[in-house]
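Kindly generate the complete structure, drawing on both the sequences and the hints.
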Amino acid sequence: MQELGFELQELQDWSCCGGSVAGGVSHDVGMALAARNVVLAQQQNQDLLAACSGCYNKSAKAAKALENNQERQKITAILGDMGISVSENNIRVRNVVDVLANDIDISTRIKKPLHGLKVACYYGCLLTRPENITGWDSPVFPMSMDRLAQTCGAEVVDFRSKTKCCGGPILVPKEDVAFELTKRLLDEAKSLEADCIVLACPLCSTNLELRQPDIEKKYNVSYSLPILYITELIGLALGIKPRKLGLDKHIVSTQPVLSKLKTCS
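Residue 1 is where the sequence shown starts when you use this note's numbering, and the numbers rise one by one after that.
Calculated directly from the structure, the hints in this document are not laboratory data.
Incorrect hints may appear among the rest.
Derived lysine-lysine pairs resembling DSS-like cross-links, with alpha carbons at most 27 Å apart [as the list claims (entries may be wrong)]:
| hint | residue 1 | residue 2 |
| --- | --- | --- |
| 1 | K260 | K118 |
| 2 | K190 | K164 |
| 3 | K249 | K260 |
| 4 | K218 | K112 |
| 5 | K190 | K249 |
| 6 | K111 | K217 |
| 7 | K118 | K183 |
| 8 | K112 | K217 |
| 9 | K218 | K249 |
| 10 | K249 | K183 |
| 11 | K244 | K262 |
| 12 | K183 | K260 |
| 13 | K190 | K260 |
| 14 | K190 | K218 |
| 15 | K118 | K241 |
| 16 | K174 | K164 |
| 17 | K118 | K64 |
| 18 | K183 | K217 |
| 19 | K241 | K260 |
| 20 | K111 | K249 |
| 21 | K112 | K244 |
| 22 | K164 | K64 |
| 23 | K249 | K262 |
| 24 | K190 | K262 |
| 25 | K241 | K111 |
| 26 | K262 | K241 |
| 27 | K164 | K217 |
| 28 | K74 | K64 |
| 29 | K190 | K118 |
| 30 | K249 | K112 |
| 31 | K262 | K118 |
| 32 | K218 | K164 |
| 33 | K218 | K174 |
Here it is, written out as structure tokens:
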């Protein structure tokens with residue numbers, strides 16, 4: 001975010017939000033885990049920015065719960081035992097796409113437009129849903145990430161599955177089902193001749209990239225489809241070196257993307 005003139009401060013003493021796992025065991029405990037980080041951000045008088053769709057969704061729900069007296073009492077009963085004082089929420093929980101799209105004008109900072117690159121923007125099932133919790137983009141057909149990619153000079157394909165689940169939450173208990181859900185996304189992106197899929201969630205990346213070789217083997221198909229985080233895509237357009245962005249560390253090689261940009265430059 002430094003290249004964009006945006007300062008980030010790591011939340012002191014943060015903890016896991018609990019995700020869907022904690023909530024599956026106990027709704028109240030799961031909500032309290034997520035609320036803990038929200039309360040810590042309140043104490044530091046800072047909005048909370050989450051780089052993961054799941055963490056964002058869970059934290060945003062916790063922030064909403066803190067506005068309800070009954071829910072806040074339940075959270076207080078749990079966090080109070082940890083010496084954490086709980087009050088009504090007065091901060092915003094944000095996600096990376098929301099901030100980049102609505103708080104920062106990246107158009108004035110583009111140094112190397114991504115002309116010739118075709119991208120499929122994938123939001124997943126948690127980034128914009130439910131609308132009463134998120135509310136910053138359409139829960140059905142969001143466009144914020146698409147516009148960011150277009151501002152970077154990339155061509156955005158009409159990815160109709162942009163908000164469908166990748167199967168991340170069920171990857172461990174129901175791997176076959178998760179693989180099928182992920183395969184559908186990869187199939188569509190490939191059919192649209194996208195050079196890469198751009199996303200904003202590490203868990204989605206786990207399914208689409210880390211498990212991509214396993215899916216290829218299971219279904220006897222070939223994708224070799226690079227998966228980029230939205231900040232990596234923007235970083236390229238800002239002129240940041242690929243190695244500095246960590247593009248050499250990906251499971252699925254990002255070289256096809258870099259080669260395409262070099263050819264089209």
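Which of the numbered hints above does this structure break?
-> Of the numbered hints given earlier, those the structure breaks are 4, 6, 8 and 17, listed in rising order.
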